[in-house]
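Chemist: If you're matching them up, the sequences are chains X and C in order.
Going by the numbering used here, 1090 is the number at position 153 of the first sequence; the sequence numbering is gapless.
Going by the numbering used here, 962 is the number at position 25 of the second sequence; the sequence numbering is gapless.
There may be inaccurate statements among the hints.
Identical copies look the same in the list; a pair holds intra-copy or inter-copy alike.
Unchecked claim - Cut-off 27 Å, straight-line C-alpha distance, at most; resulting in silico cross-link-like pairs (DSS-like, lysine-lysine): (1) Lys1004 / Lys1249; (2) Lys996 / Lys1235; (3) Lys939 / Lys1004; (4) Lys1274 / Lys964; (5) Lys1028 / Lys1201; (6) Lys941 / Lys1136; (7) Lys1086 / Lys1330; (8) Lys941 / Lys1201; (9) Lys1201 / Lys939; (10) Lys1201 / Lys950; (11) Lys1086 / Lys1258; (12) Lys939 / Lys1128; (13) Lys1249 / Lys939; (14) Lys950 / Lys939; (15) Lys941 / Lys1128; (16) Lys941 / Lys1105; (17) Lys939 / Lys1086; (18) Lys1274 / Lys1249; (19) Lys1136 / Lys939; (20) Lys1204 / Lys988; (21) Lys950 / Lys1204; (22) Lys1086 / Lys941.
Treat the hints as calculated values from the structure; they're not laboratory data.
There are 2 protein chains.
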Amino acid sequence: MKIKANTNFLSIKETYLFSEIGARVRKYSEEHPEASIIRLGIGDVTLPLNKVVTDAMTKAVSEMGVKDTFRGYPPEYGYDFLREAISSYYKRNNVDIPASDIFVSDGAKSDCGNFPDILGNNEILIPDPVYPVYIDSNTMNGNNINLVKGSIENGFTPMPSDITTGDKPYVIYICSPNNPTGAVYTAEGLKAWVDYALKTGSLIVFDAAYEAFISEDLPRSIFEIEGAGECAIEICSFSKFAGFTGTRCGWTVVPAGLDADGVKLQKLWARRQATKFNGVNYPVQRGAEAALSVEGIKACMEAIDYYRANAKLIADLMTRKGIFFTGGINSPYIWLKCPNDMGSWDFFDMLLNEAQVVGTPGEGFGEAGAGFFRLTSFGSSEATAEAVARLDKLL
Amino acid sequence: MKIKANTNFLSIKETYLFSEIGARVRKYSEEHPEASIIRLGIGDVTLPLNKVVTDAMTKAVSEMGVKDTFRGYPPEYGYDFLREAISSYYKRNNVDIPASDIFVSDGAKSDCGNFPDILGNNEILIPDPVYPVYIDSNTMNGNNINLVKGSIENGFTPMPSDITTGDKPYVIYICSPNNPTGAVYTAEGLKAWVDYALKTGSLIVFDAAYEAFISEDLPRSIFEIEGAGECAIEICSFSKFAGFTGTRCGWTVVPAGLDADGVKLQKLWARRQATKFNGVNYPVQRGAEAALSVEGIKACMEAIDYYRANAKLIADLMTRKGIFFTGGINSPYIWLKCPNDMGSWDFFDMLLNEAQVVGTPGEGFGEAGAGFFRLTSFGSSEATAEAVARLDKLL
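Based on the sequences and whatever the hints tell you, model everything.
Modeler: Here it is, written out as structure tokens:
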């Protein structure tokens, strides 16, 4: 055909990280069929949906099977019952978000990926290392990407003073708690970014997908910071909070006042969603609503506590061994410096060969991840304890 | 903020059609509180999900509540069980689509809206009247839109000979059975478009969302036409087939061989979906799989037959009255010429005032819709019969 493809796609870096991990683990398994390999590289939840959620979903499915309670096209921005429930969830943290600023979707990844649709070509500022969707989706739109590096010095929470590409109006991505580093911004840290955004006319895209893991007194929402309503949107998810990775529900807050060079972004996002999206499955929205009920939150936090206990086991080991790490306390991820300046892949091979533990080399999340390594707390408590015991001997 | 918005959004035509319909109906109801108004403007299904589907979904929800059967992130392109089931569904019509060419999504609207992401700026060819998403999503991407007009002369199935903007490589949208006209292309008609696409290097985006309504010997898939594999993608949906408007599941076929100026489109769509989409809820995919089973298809066709009977009542009335119409036989929509050269809104008012029947003025779907009117078969059979009786007296 002679029609033109979007050739920006050809600029996306191909990553072979996970296929390479798979290949090395397969090879080891074949050579050591007796080995019991423990996977601490999982980025997906493993505990089932809780009963509060499945009961609500089952009831909703049965409503869909009866003429009087059947529901057709859902509202494109989410049912009011769920938008109100999310608004109330924010009130826990004394954050006041009107339901009309909340747009329900089939997940944070969709919203992260689709949000650049409503923006023009802007300069993009993305922390390194980070969740690859920010870079890939902006590359698809032909935007120029500037990286701001995480490091031991800034605790993997890079600050405006770490910007090396000049002060200008950026679209700034912040993921806190961060994937993959687990590092969390303090209120002061986020305030510095909000002030920077207000000063330069930048927009902050705040990814709060891991907020439920925060156990210390740290901000769970960018809207806890004064001035954020004039310079930030927030993307959040039921995936980690309620184990919805296979259930698919998230939301994005676009404040009504947000103005991009004279254009109200909320109006554009509403239009984008009404045109290119048809809302979320009704039973899923009922499940999400149930997750935000008092009993739902309690049940969700039991699962989070399970993962947290795993994370603490790993974090405590790193502390004992004197290995630098971030995360593990307010995050399901532990991001550690490979000991003795080992490269990430050498460390990967050592863990696989000597302890039969699989993790994720840091460069999978950006160049600044080289020499670092990610372990996750989504395994079973038994497997995590066993892995920690093996690593305790090895490191 | 100083960052730039996507100002292409400002070029999208605002439509006040449905709010204007709502306002007129509300006013009439207030002035005539005793009136029993029948709505034949509904574009959404009204029958509940069938038991084959709800049983499968209920079972899947319960699997999600048990650790051993819980499923996390779904494959971005759909579970193999559903891709295989869709592939088999095509085999009914002797169309051979490998499962690997099928990309499951949360609905045809998402795929219609998102597909332009993977294309460059192309000349777009869109029939008028038509489903507004094609125009709006391409306007958002800044593409130049060319219309090819439906008319009584071409039976609202415009042909390549109706193009007034010259022969060039277009992205050509074809919706058959058409929304809103219900007109269906014959195999010869589609062959002419495929030949045109092959000759000009164009891509056909074929929207088959209403294929389940086809009862005569007409193509249900563009891939029934020789050569379509080199110039077409197809978007389809469970919304009308299985009443999934509130359940959300659809798919897009992107043939592996499809080449846009040297770039394989399947690879780009796969990359787009892997980056900006995280797959469809597991219970929904099990429900969709069940809808494609032998018992599922039987149950789905019972609902379709119910709507078809409604459509036939309306179509037969138009035939008796000698009013030009398309659709109604292979489509849930009846698209009629307003009698006596009335304008669509005058006809709307007449039906509302004289028969208390609500339909949709044709200009809501494009300028070529002026003077035409859409009635739908998604009401109850009782209400449809009563509406037809009233219209029989009036027209």
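Chemist: None of the hints should be skipped; say for each whether it holds.
Modeler: Comparing the hints with the structure gives:
In this assembly of identical chains, the alpha carbons of Lys1004 and Lys1249 lie at most 27 Å apart only when taken from different copies (22 Å versus 50 Å within one copy). For the homomeric pair Lys996 and Lys1235, the shortest alpha-carbon distances inside one copy (20 Å) and between copies (25 Å) are both at most 27 Å. For the homomeric pair Lys939 and Lys1004, neither the shortest alpha-carbon distance inside one copy (49 Å) nor that between copies (50 Å) is at most 27 Å. For the homomeric pair Lys1274 and Lys964, the shortest alpha-carbon distance inside one copy (26 Å) is at most 27 Å, but the shortest distance between copies (69 Å) is not.
For the homomeric pair Lys1028 and Lys1201, the shortest alpha-carbon distance inside one copy (25 Å) is at most 27 Å, but the shortest distance between copies (48 Å) is not. Proximity of Lys941 and Lys1136 under a CA criterion of 27 Å is satisfied inter-copy only: 16 Å between copies versus 39 Å inside one chain copy. Taking identical chains as interchangeable, the C-alpha atoms of Lys1086 and Lys1330 are never at most 27 Å apart, the minima being 33 Å within one chain and 75 Å between chains. In the homo-oligomer, the alpha carbons of Lys941 and Lys1201 lie at most 27 Å apart only across protomers (11 Å), although the nearest pairing inside one protomer, at 31 Å, exceeds that limit.
With identical chains, the CA atoms of Lys1201 and Lys939 are at most 27 Å apart between copies only, with a shortest distance of 12 Å across copies and 37 Å within one. Within a single copy, Lys1201 and Lys950 get their C-alpha atoms only as close as 33 Å, which misses the 27 Å cut-off; across copies the closest is 17 Å, which meets it. In this homomeric assembly, Lys1086 and Lys1258 come within 27 Å of each other (Cα to Cα) only inside a single copy, at 26 Å, whereas the closest approach across copies is 74 Å. Taking the closest pair of Cα atoms, Lys939 and Lys1128 come within 27 Å of each other only across two copies (19 Å); inside a single copy the shortest separation is 50 Å, beyond that limit.
In this homomeric assembly, Lys1249 and Lys939 never come within 27 Å of each other (Cα to Cα): the closest approach is 57 Å inside a single copy and 43 Å across copies. With identical chains, the CA atoms of Lys950 and Lys939 are at most 27 Å apart within one copy only, with a shortest distance of 25 Å there and 29 Å across copies. Proximity of Lys941 and Lys1128 under a CA criterion of 27 Å is satisfied inter-copy only: 23 Å between copies versus 44 Å inside one chain copy. Taking the shortest Cα distances, Lys941 and Lys1105 sit within 27 Å of each other only across copies (12 Å), while inside one copy they are farther apart (32 Å).
In this assembly of identical chains, Lys939 and Lys1086 lie within 27 Å of each other by CA distance solely across copies; the values are 24 Å between and 41 Å within a copy. Taking identical chains as interchangeable, the C-alpha atoms of Lys1274 and Lys1249 lie at most 27 Å apart only when both belong to the same chain, with a minimum of 17 Å there against 71 Å between chains. For a Cα distance limit of 27 Å, the shortest separation of Lys1136 from Lys939 across copies, 10 Å, qualifies, whereas the shortest one inside one copy, 46 Å, does not. For the homomeric pair Lys1204 and Lys988, neither the shortest alpha-carbon distance inside one copy (37 Å) nor that between copies (40 Å) is at most 27 Å.
Taking the shortest alpha-carbon separations for Lys950 and Lys1204, only the inter-copy value of 14 Å comes in at or below 27 Å, while the best intra-copy value is 33 Å. Within a single copy, Lys1086 and Lys941 get their C-alpha atoms only as close as 35 Å, which misses the 27 Å cut-off; across copies the closest is 25 Å, which meets it.
Going through the hint list in order, the structure does not satisfy hints 3, 7, 13, 20.
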